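In order, the protein sequence lines correspond to chains A and B.
All residue numbers for the first sequence refer to my numbering, where the first residue is 1 and numbers rise by one.
All residue numbers for the second sequence refer to my numbering, where the first residue is 1001 and numbers rise by one.
Calculated directly from the structure, the hints in this document are not laboratory data.
Incorrect hints may appear among the rest.
Said to hold, decoys possible - With a straight-line cut-off of 27 Å between C-alpha atoms, the simulated DSS-like cross-links for lysine-lysine are: (1) K1657/B <-> K104/A; (2) K1657/B <-> K97/A; (3) K1657/B <-> K1622/B; (4) K1531/B <-> K1618/B; (5) K1511/B <-> K1657/B; (6) K1620/B <-> K1588/B.
This structure is a prediction, so every number in the text was calculated from the model and none was measured.
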Amino acid sequence: MDTSSPSAFVNGSLMRRYIGQKVRTVIQVVGSDVGSVVGKSTDDLQIIVKGSPPTTTTPSTYLEVIGIAENENSIRAEVWTNFGNSFDPVNYNELCKLANGEFKHLFI
Amino acid sequence: MAANLTAGAIAKMLSGEVTGEKEMTPILQVTEIKLIQQARRNQEQMSVERYKVALSDGIQSQEGMLSAASNALVKQGSIQIGSILRLTRFNCSPVRNRRIVIVNEQEIIAEKCVIIGNTLPMFTSNAQSNSVANSPRAQAVQIQAFGTGFHRQQATRTAVNVVTTSPYVSSNAGYGSSRQEQSYYSRPPPVQPQPPSMNVNRSPPVDRNQATTPMMIPIAALNPYQGRWTIKARVTSKGELKHYNKNHGDGKLFSFDLLDADGGEIRVTCFNEVVDKFFDVIVVGNVYLISKGSLRPVRREYNHLPNDYELQLESWSTVQQCYEDDVAIPRNRFRFRFIGDIENMESNSIVDLIGIVLSISPSGLIMRRNGTEAQKKALQLMDMSGRSVEVTMWGNFCNAEGQRLQSLCDSGAFPVLAVKAGRISEFNGKQVSTIGSSQLYVEPDFPEAREVREWYKREDRSAPCISISRVYSGAGRQDVRKVITQIKDENLGTSEKPDWITVSATISFMKVENFCYTACPIMIGDRPCSKKVTNNGDGTWRCERCDRSVDECDYRYILQLQLQDHTGVTWATAFQEAGEEIMGMPAKELYYLKYEDQDEEKFEDIIRKAAFTKYIFKLKVKEETYGDENRVKATVVKAEKLDYSSDTRSLLEAIHKLRTEDANPLAINPESSNYRSGAFNSGIGTSVGVPSREFGLPAANQFSSGSRPLGGMILCGACGSNGHVFANCPSFMSEPQGQHYVSTQGRNAGRGMPRQHVGSY
């Protein structure tokens, strides 16, 4: 895996900071369409992920998507990872907040 | 019974006020009887028997002679020591230098009675000459013979006194107090010089005109060389009646504390029969005049009052209530300290506190080590130093003041609580507990209480309050999260009791030889014996403890594990329960697999699976002595698979705590702040947080021992993100850099690491 372009941990509200940049986030699948997946971010905002998921996504699974943030609520996904069903969104949300806030220097 | 003796009668008889029955017919007690052979001059040479007595009115005593007619009464025992007599016909006449009572007729009120009051022994066995009329010289001899240093009453009355005292004093030069007695003469105002008494040994003091001039002194002036004294004080606390059992017998006692107008305090104790005398008399809050107690050196393990002495009352001590209250004597004497100062005070010291009760928890029952149950109730007390401490009350306090506080707090109030004589203990930081002599005052009315209340009103209710007691949720063993190097750094297990800690770690190695042992399966109570059994050779197994042989033995795990977390490595031993959890199968199965089935491959598979998994281990750390060597051993009590979700949550809490404490900077350990600047590149900039009492940075161990690593934070030492340990760090994947991280200990090193690695891992 190439390490050339780092991606920032974001949740729904933080996406706007990284428009046009590579981001990663975890969403809980709400529904899927052709060519896109609608999910709920860890801070309960709606995120649309464009691209094709590797497997059929059942609602309530967690997916991690890494891609370019097109606007503040949609990502063009490049990498998808299935995180399964048991995932703690609260912790992830806190992580995003910390990673972009106080401890930003520890990340990118 | 004291009331029955005519108090003051002897004084009157001695002074000449009363010479005979015309003035009064006093009731007196016989305190001594002596048979005298009186030589009669004008008769045959036969000597006559007469009985010489000492008669007492409870305060003073006087020499007297019974009529010859009364001899029979004495012989038959109607008149004996202790008998109470009313003198119906008598004569007080001066004989030579003394006044002697010649009792012509008496009425026997009581034949037997306990000696009332504390008059002196008047005659000694040898000093007395055989005639009633003693010469002054003989008198002087008598005085000298006393040896205990008590003066005779008559001596005070006459000029002889001056003469006799000097030989007396010189003969008793050995007594340091006699010198004091000399000085005594100049001091007392009354007409008669008052020879003092010494309570050096446990004998009753001379009673001089007790009724007229009580020698009032402040409590602080009490000392064993003080002769007669009286103190006027208020009872500030009264202890319960206690029974004790010693080798030489049982007994009972009770104590009470006194406070006088000068602020002096002293504890008074009564034993056995004295308890009966005074227990109902003493009431908290009343003022009493107390005299004739014996002064003892203080017993520090029971008495925490600021006095080097304590009083013991005897049967001759007097306690007299003052009915008019003395406003000069305060009701209580407190020496309040700030909770902030407690941190610097020694454990087991006694302190008075006053503050606001922030919270109180319901009473609980605790099982003591000796099996008895005790009721306890804990509350958080905060005072003007901005610190709070956990105050624990035991026993009755839970029900009385405890309940009152509970209802006040439940209704939303923050009551003021004053604690007198609480003991500081070290248990989760510093704590204060009640002891037998403690007192709790809920919403008291002293000026300090008002001050505290005013302060609390002004103070912002939500102001952070720093607790000097580390409060962990859950009674009993607390979930103390530590990192592995803390075991060594903090010398865990070296104190008397084992330390129970929780670590989040990975098994990095497991000893495969001897992973289990043959154990005795016989049940003892509800547990199997589990002692190692030896093979008898014929297929049976013998247990030493149970003294039996069994055909089938149990196999129990005894796994030697190497546990590793991001800070360090330690060895631990896991027994049956933890072993099963780790291996995933009972020991017997594994044993069979290896030895019976000889299935090496499968065995190795299982071992491999078990290793390098992360668990939350509950460890019991204790130092054990092996011959000469002391080794700290860790036993795995419980092994649980790591639940990432809850673990992360606790980490988050830790982070938040760090951040909020960063906002209110505490006194920073200078060592650790140096560390901080060293660890981070200048590029990083601000430090993460201030190491507080409980949290620090994970890599801190490597630096000064003063800073402590984060408890339970799974922060990767390499890349600085949470959720994994550097052993699992994705950045580890690229080997060379991994090594680099280990050596630099730098969180900064992880700075440039791209995040994609998380996915690949």
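Tested hints:
no. : hint                : verdict
1   : K1657/B <-> K104/A  : holds, 18 Å
2   : K1657/B <-> K97/A   : holds, 15 Å
3   : K1657/B <-> K1622/B : violated, 30 Å
4   : K1531/B <-> K1618/B : holds, 23 Å
5   : K1511/B <-> K1657/B : violated, 39 Å
6   : K1620/B <-> K1588/B : holds, 25 Å
Against the hints set out earlier in the document, violations occur for numbers 3 and 5.
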